[in-house]
Amino acid sequence: MAVFLREDSRVKAFRTLFQIFWVAATAVTGFRFAMGWTRTSIETYCPFGGLETALSLFTQKQFACATGERNLALFLALLILTLLSRKSFCGWVCPVGAISEWFVLMGRKLFSMKRGTKKAGWYGLQPSPQVDGALRWLRLPILILILVFTYKTGELIFRGYDPYYILFSLHGHDVTLWSYGILAVIVTGVILLPMAWCRYLCPLGAALWPASALGRLRIARNDKACTGCRTCDQICPQAIAVSKVDQVRSGECTLCFECMENCPEEGVLELQLKGLER
Amino acid sequence: MKVSRWVVPVLIVLLIAAGVFGAGTFTIPSLTIDFPTEEKTAPESIRTAVFVIEGVRCVDTARTAASALEDTPGVIRYVAYASRNRVEILYDATRTDEETLREAIEGPVYDQVSQEFLFHVFKVLEIDSPGPEG
Numbered sequence: 005m006a007v008f009l010r011e012d013s014r015v016k017a018f019r020t021l022f023q024i025f026w027v028a029a030t031a032v033t034g035f036r037f038a039m040g041w042t043r044t045s046i047e048t049y050c051p052f053g054g055l056e057t058a059l060s061l062f063t064q065k066q067f068a069c070a071t072g073e074r075n076l077a078l079f080l081a082l083l084i085l086t087l088l089s090r091k092s093f094c095g096w097v098c099p100v101g102a103i104s105e106w107f108v109l110m111g112r113k114l115f116s117m118k119r120g121t122k123k124a125g126w127y128g129l130q131p132s133p134q135v136d137g138a139l140r141w142l143r144l145p146i147l148i149l150i151l152v153f154t155y156k157t158g159e160l161i162f163r164g165y166d167p168y169y170i171l172f173s174l175h176g177h178d179v180t181l182w183s184y185g186i187l188a189v190i191v192t193g194v195i196l197l198p199m200a201w202c203r204y205l206c207p208l209g210a211a212l213w214p215a216s217a218l219g220r221l222r223i224a225r226n227d228k229a230c231t232g233c234r235t236c237d238q239i240c241p242q243a244i245a246v247s248k249v250d251q252v253r254s255g256e257c258t259l260c261f262e263c264m265e266n267c268p269e270e271g272v273l274e275l276q277l278k279g280l281e282r
Numbered sequence: 101m102k103v104s105r106w107v108v109p110v111l112i113v114l115l116i117a118a119g120v121f122g123a124g125t126f127t128i129p130s131l132t133i134d135f136p137t138e139e140k141t142a143p144e145s146i147r148t149a150v151f152v153i154e155g156v157r158c159v160d161t162a163r164t165a166a167s168a169l170e171d172t173p174g175v176i177r178y179v180a181y182a183s184r185n186r187v188e189i190l191y192d193a194t195r196t197d198e199e200t201l202r203e204a205i206e207g208p209v210y211d212q213v214s215q216e217f218l219f220h221v222f223k224v225l226e227i228d229s230p231g232p233e234g
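Chain order of the listed sequences is A and B.
Here the first sequence is numbered in my numbering, starting from 5 and rising by one per residue.
Here the second sequence is numbered in my numbering, starting from 101 and rising by one per residue.
Treat the hints with care, since some could be wrong.
DSS-like, lysine-lysine: derived pairs with alpha carbons at most 27 Å apart [unchecked claim]:
id, chain 1, residue 1, chain 2, residue 2
1, B, 102, A, 16
2, A, 65, A, 228
3, B, 140, A, 248
4, A, 248, A, 228
Simulated from the structure, these hints should not be mistaken for lab results.
All figures in this text were calculated on a predicted structure; none of them were measured in a lab.
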């Protein structure tokens with residue numbers, strides 16, 4: 005039936021299925037490891053592990069803790085992917101990003117039902133662009149602390165606080181009561197402030213930001229055809245002001261295409277491949 | 101230049117596949133320990149034992165497993181690949197053998213934290229050693 009749908013709807017449906025696939029694959033891997041049916045843990049597939057181990061590799065020529073070749077290779081692949089298609093990993097693959105988005109969808113539905121409107125929009129707390137921009141810098145000290153302490157101790161010190169690991173390891177190594185407390189705080193944060201983890205706390209998001217800002221695939225806006233309804237601004241999970249720019253250059257864009265799919269006008273927003281120009 | 105949105109999932113699949121399969125093309129150890137040996141070992145008597153060990157999952161556990169070999173004569177070098185639970189041991193075949201190494205690893209290990217001997221910490225799941233020529 006999908007062939008009868010518009011490209012917008014087909015891409016949207018495919019992205020949702022893609023996200024469900026990665027969440028399910030991660031959950032199955034975590035379950036199989038917890039049951040002792042496989043020796044491959046979910047950590048093996050975490051590209052952030054590749055970054056965490058980078059200092060050890062550079063200085064000691066060996067991996068830190070449980071990281072290995074796959075973490076490193078996946079991180080390098082992710083870096084190339086980000087240079088090409090921005091933070092598409094966050095919007096299409098990351099299980100924590102997917103679950104956060106599902107919370108946003110639920111929140112929107114509840115909000116719309118309450119207000120009796122079908123218009124897409126935000127719910128929950130909405131910090132001003134200045135506060136939002138300042139809060140996003142929180143990710144940087146978190147990233148630096150994790151990298152420094154992982155290097156100093158040789159342990160993956162972030163493991164017990166990482167929502168990916170807490171959610172999918174099924175009470176894995178280093179997961180304590182504190183971990184569940186932190187997870188509860190993160191979930192509450194995501195409900196009150198949409199995509200709070202990704203926007204303000206995710207260390208991988210901070211690490212990818214510079215490469216993402218240089219990403220060659222960009223959403224471009226045709227100013228002449230745009231009516232200025234600002235639906236794109238309201239729908240963007242990363243709170244990017246799409247209607248104010250001719251090209252989305254923000255390093256936060258995950259190429260989720262929510263703005264394009266919800267734009268009421270034809271041909272206003274399109275995906276473009278840029279050359280080497282800024 | 102305008103491009104289709106389908107290019108994004110295609111790039112993701114290609115690069116994740118490249119990452120997963122590319123990881124199999126190189127190996128870097130998690131831990132390498134050279135054991136002090138007083139006697140010279142003839143090159144023809146050097147063998148490699150390769151074990152996949154349950155319990156070796158990080159650098160710390162790999163180091164603990166190595167400590168179990170400290171009293172075993174003939175061990176030359178210990179290399180661990182923690183993410184694969186894999187350990188390679190270079191040994192002098194005139195002084196020890198694969199079975200002795202296996203027994204040492206599966207035997208009791210001294211835990212620095214509790215200052216006690218712990219039993220059944222490691223279990224050799226697979227032996228993947230190359231032949232005498234390897």
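Hint check results:
1. Note on residue 102/B and residue 16/A: the hinted pairing holds, with a Cα-Cα distance of about 19 Å set against a maximum of 27 Å.
2. Between residue 65/A and residue 228/A the alpha-carbon distance is near 55 Å, which puts this suggested pair outside the 27 Å criterion.
3. A threshold of 27 Å between alpha carbons decides the hint, and for residue 140/B with residue 248/A the separation of about 74 Å lies outside it, so the pair is violated.
4. With a CA separation close to 13 Å, the supplied pair residue 248/A and residue 228/A stays within the 27 Å bound.
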